[in-house]
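Participant: Based on these hints, arrange chain E on the given structure of chain V.
Okay, here's what each chain looks like letter by letter:
Protein chains: 2
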Amino acid sequence: MTEKKILMIVCDGLSDRPVKQFDNKTPLQAARKPAMDAIARHGMSGTMDVIAPGVIPGSDTAHLALFGYDPFKVYTGRGPIEAAGAGIPLDPGDVAFRCNFATVDGSMNVIDRRAGRIREGTAQLSKALSGMKIGDVTVQFKEGSEHRAALVLKGPGLDWHVSDVDPHKEGNTLQARALVPGAEKTARVLNEFVSKSNEILRSHEVNVDRAKMGLPPANIVLPRGAGGIRDLETLTARYGLKCAAVAGVTLVKGICRMVGMDVPNVKGATGGLDTDYRAKGEAALGLLSSYDFVFVNVKAGDIAGHDGDFKGKVQVIENIDTMLGLVLKEIHEGVVIALTADHSTPVSVKDHSADPVPLAISGGGVRVDGVREFDEISASLGALGRIRGMELMPILLGTADRAKKFGA
Amino acid sequence: MTEKKILMIVCDGLSDRPVKQFDNKTPLQAARKPAMDAIARHGMSGTMDVIAPGVIPGSDTAHLALFGYDPFKVYTGRGPIEAAGAGIPLDPGDVAFRCNFATVDGSMNVIDRRAGRIREGTAQLSKALSGMKIGDVTVQFKEGSEHRAALVLKGPGLDWHVSDVDPHKEGNTLQARALVPGAEKTARVLNEFVSKSNEILRSHEVNVDRAKMGLPPANIVLPRGAGGIRDLETLTARYGLKCAAVAGVTLVKGICRMVGMDVPNVKGATGGLDTDYRAKGEAALGLLSSYDFVFVNVKAGDIAGHDGDFKGKVQVIENIDTMLGLVLKEIHEGVVIALTADHSTPVSVKDHSADPVPLAISGGGVRVDGVREFDEISASLGALGRIRGMELMPILLGTADRAKKFGA
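Those sequence lines, one after another, are chains V and E.
In terms of my numbering, the first sequence opens at residue 30 and continues consecutively.
In terms of my numbering, the second sequence opens at residue 30 and continues consecutively.
For reference, chain V alone in the conformation it holds in the complex (with noise of 0.2 angstroms):
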């Protein structure tokens, strides 16, 4: 049997829950997107858990899932998926932890891990830490919400068996120690800044303004939860695939990097509302030529969710339909096309959401159930069921006949 090519196209944030004032409509059923339902009418639709059910995934989770990577093995303690969800990205080898501004007296006993549930001034604060050097590593800090914050240290030899410097209740031990042989360079490291934090805090505007308000200050940085991102092995070494990506997002890029796609820049694929859709489209015909499988993201339908933009949405997902339809134009059946969405992003909730995303898969041995509309209804009706995006790199690797035989 000739092996197929795939072609996996995820529209971020796409999917979504009706909407009242729109004929209890989601955006995907009121959309005209003659392309998406070929696809679902073509071949065989379902529904997909990206993560598990009533698990809200972030896009590197949703990513690493969508890729066939275990997001729960791949992630290493609670600091990668604050890092993540503060925005900086990691790479292999980076350590990162969850921290909160807390405060401390003149002898470095906690008095508060919370610095009074500080709300204002976070971002400030944060802007005075990152950027530190401590020997030949660099610092990265971001606020979270309230007194929350990521920590990320980038730099050769680290490790990221650590302990928590946080106390973890108001007390005086503020010193992480190695866990493992090798891991107290990064103890040392953490221990440094924690110190800096301290007298860099300390005098900052935001605390002095604190005192006289006769709030405690948020004088220390209290990080725990480290954490790193494996060396994941490729899927050229998984599954002897080359791979390329078409995305315009940082983070997605990085995760495509480090499951060893080939990324090359598109001209006009900004990640934005403003996204060039044909030069994407025309990107990944390009090199659907060279490549065994061809991943495209498409941001924009993410951003009008966050937008809380019904409207907006629906327009985003017509562009992308018609970009759709031009790749679909160039493209022989024998192509495996799955279409799906890494997350939901409903416009009634602004941000991402559990709800399951749907899926149609095209092409290739694809067999062909009764399904007419790519939208989240429709698609749960489908031949596919429901399944888990773990799950959905070894599915089409099955469709393009490239999975391998267990037993005999």
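The reader is advised that the hints may include incorrect statements.
Since the list gives no way to pick out one identical chain from another, each pair is judged satisfied if it fits inside one copy or across any two copies.
Heads up, simulated DSS-like pairs for lysine-lysine below, C-alpha to C-alpha not over 30 angstroms straight-line [unchecked claim]:
(1) 156 <-> 282
(2) 434 <-> 198
(3) 434 <-> 49
(4) 379 <-> 296
(5) 102 <-> 433
(6) 433 <-> 54
(7) 102 <-> 434
(8) 282 <-> 433
(9) 54 <-> 358
(10) 271 <-> 379
Calculated from the structure, these hints are not laboratory results.
Facilitator: Here is chain E on its own, set in the frame of chain V:
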């Protein structure tokens, strides 16, 4: 609630993909099969990934999963299954191999890995090897179909982590080696067996006769697929089921024996296209009177799939259906019937594929959905949804009111 009996009918390789020149139908969709459709119509249908999505099942791993065992935990190479199929009972600690009779020249170069696909005389050759002693290790050896055979080493201190002797292509590296510390003895004994097999076989009268006929001599045995048996808890121990199987193929028979089924010989059940369907059906009915769980494997669909013969596969389906019709006539609805396949063997692929298989369950306490036909697409729209092979036995036990309560 009275416990019901269970009849599991596995049509080997039955499911398929749509074929363009036959109106985009699968053989199941094209065949006239009133009995299969009746099971679907009076029961509940679904789609089943026998191992996991995107994994192409072997017949061995598939049947383990269908009987409720995790093939990833149980499976240790092909050897033990070949031995079970050949009727050599394995004890924990034994090491089993799948072997070929092959042809080597005077310098031990492999000339033909299958000794001209020898069919005649392998029983005599096997007898000449079986019972051999190598130190404290006893050799058991038994022919299989054509050039195939099973080797079991029995003795203290053996370990199945050894490499294949079979070079898998014509060549002369006929040397097993230990893959882990502790397997050196096994590698040594195995190499001595191979060398002795050459000494004994090269002058054997079967080979003298073959030489006269100008056929390549079966003058060496090439073992591969070393494995031991993890002590499998039988279905009887696990579920309290008295079990029997009707199967023609050695491999499947072997697995049935491994999980504790009685496997009576059924006259005419050959495992080939010429199998006596009626005899199989009657045997199953007979066994149902004294066993709780009766398993039937019909191999013919897989063969037609491997041959790429659409019309032949349709004919096989209609033949199986006639047999099923006779069985259904004699069975009261208290019996839980499961109709499925162990994997797909699409005529367009001519080999196993990763496509899931259809499943229909009727009888007992089953809920009845609206599915009216037994085929890949109709089944996928049924109330069972998409399940894994390992979930089938628990579901059948539940439907037959034989499941255990977990909790209070």
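Participant: If a hint holds in the structure, say so; if it does not, say that too.
Facilitator: Comparing the hints with the structure gives:
1. 156 <-> 282: Classified as within: same-chain Cα gap 22 angstroms, cross-chain 63 angstroms, threshold 30 angstroms.
2. 434 <-> 198: between (53 angstroms within a copy, 20 angstroms between copies)
3. 434 <-> 49: between (48 angstroms within a copy, 25 angstroms between copies)
4. 379 <-> 296: within (29 angstroms within a copy, 44 angstroms between copies)
5. 102 <-> 433: both (23 angstroms within a copy, 18 angstroms between copies)
6. 433 <-> 54: between (41 angstroms within a copy, 25 angstroms between copies)
7. 102 <-> 434: both (24 angstroms within a copy, 16 angstroms between copies)
8. 282 <-> 433: Classified as both; 28 angstroms inside a copy, 24 angstroms across copies.
9. 54 <-> 358: Both, since 29 angstroms and 25 angstroms are each at most 30 angstroms.
10. 271 <-> 379: between (36 angstroms within a copy, 26 angstroms between copies)
The structure fails none of the hints (numbered hints given earlier).
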